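Fit chain B to the known structure of chain A by using the hints.
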Amino acid sequence: MLDKALFYIFGGVAVLSAALMVTRRNAVHSAVFLITSLLATAGIYLTLRAEFLFIVQIILYVGGIMVLFVFVIMLVNLDVALQQIQFSRQKWVALIVALALGAQVGLMFWSTGHVKRSNLLLPAAAPADKLPPNSETVAQSLFSAYLLPFEIASLLLLVAMIGAVVMAKKKV
Amino acid sequence: MLSIEHYLFLSLALFLIGVIGVVTRRNVIIVLMSIELILNAVNINLVAFSRLFGDVAGQVFAIFIITDAAAEATVGLGIIIAFFRNRETVLADEMDLLKW
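Chains as they are written, first to last, in the working numbering: chain A, 1 to 172; chain B, 1 to 100.
Only chain A is shown next, with the shape it has when bound in the complex (with noise of 0.2 angstroms):
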């Protein structure tokens, strides 16, 4: 029961502060929204359990790559481009291309109708004395089944940070 209201709580903010988010012409109100939904994302990993990407999310999504979108709002942000009509000509084509989207995900689910609804449930938590150690199964996970895309992952860093560095420069 808690979990249900706990997931329609976050759910709902999440929702409404992305369609916040994409609907605000002020390019900061868009990042303070977006802050928000990821917040809101945050909890709804906490209702799933997962402990350890609930931290990540806040330290890395909302503590860094928010904090970056924010520098650089700052740093482009003229008056003048606030003047300017921020929404493009597209709106059919954002709402034909979400529409048939969407009828995908629906197909989807009416052609999976015969799967038996029990299977769909999510498991009941275990009592919180019993949780296993996320942090614990994850690492255990990341570093002996998937230690090859680890490693690859943080060479990608490398790069994204060298190209950021390169692109950022003052003369190239």
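If you're looking for bench data, these hints aren't it; they were derived computationally from the structure.
Take these hints with a grain of salt, some might be off.
To be verified - Label-pair ranges, simulated between beta-carbon atoms:
(1) A:Val159 - B:Arg85: 44 to 54 angstroms
(2) A:Lys169 - B:Asp68: 15 to 25 angstroms
(3) B:Ala57 - A:Leu99: 28 to 38 angstroms
(4) A:Asp3 - B:Arg87: 48 to 58 angstroms
(5) A:Ser118 - B:Ala57: 21 to 31 angstroms
(6) A:Lys4 - B:Arg85: 48 to 58 angstroms
(7) A:Leu131 - B:Ile79: 20 to 30 angstroms
(8) A:Lys4 - B:Trp100: 53 to 63 angstroms
(9) B:Phe53 - A:Gly163: 48 to 58 angstroms
Being a predicted model, the structure only gives us computed values, none of them experimental.
Even for Gly, the Cβ is constructed at its ideal location relative to N, Cα and C.
Frame of chain A; chain B shown alone:
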């Protein structure tokens, strides 16, 4: 009792809002933020299935996607800064150097 569909529909809603943002906004920074929203929606799916099957692999993949999002954001914002320095604009439809 929550089922996987709750989470799938939540993720679908966030994904579609992100797609609408990518297509309709002119400001490139907000387009990048919409892409972050899309990646986030994908993460919800992965974590929800990880919970459904009791397998931690979904969460590991979510971590990889967050890594990807960070890399993409840094490079994308670097490109935006470099472009803004040259052309004094952040609007997507004014970036038409390659348009014939």
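The hints, checked one at a time:
1. At roughly 22 angstroms, the beta carbons of Val159 of chain A and Arg85 of chain B sit outside the given window of 44 to 54 angstroms.
2. Lys169 of chain A and Asp68 of chain B have their C-beta atoms about 24 angstroms apart, which keeps the hinted 15 to 25 angstroms range intact.
3. For Ala57 of chain B and Leu99 of chain A, the Cβ-Cβ distance of about 33 angstroms falls inside the hinted range of 28 to 38 angstroms, so the restraint holds.
4. Our hint of 48 to 58 angstroms for Asp3 of chain A and Arg87 of chain B holds, since their Cβ atoms are close to 50 angstroms apart.
5. Remark: the range hint 21 to 31 angstroms for Ser118 of chain A to Ala57 of chain B is upheld by a beta-carbon distance near 23 angstroms.
6. For the hinted restraint 48 to 58 angstroms between Lys4 of chain A and Arg85 of chain B, the CB-CB distance of approximately 50 angstroms keeps it satisfied.
7. The hinted range of 20 to 30 angstroms is not satisfied by Leu131 of chain A and Ile79 of chain B, whose Cβ atoms lie roughly 43 angstroms apart.
8. A beta carbon spacing of about 55 angstroms between Lys4 of chain A and Trp100 of chain B agrees with the range 53 to 63 angstroms that was offered as a hint.
9. Remark: the range hint 48 to 58 angstroms for Phe53 of chain B to Gly163 of chain A is contradicted by a beta-carbon distance near 36 angstroms.
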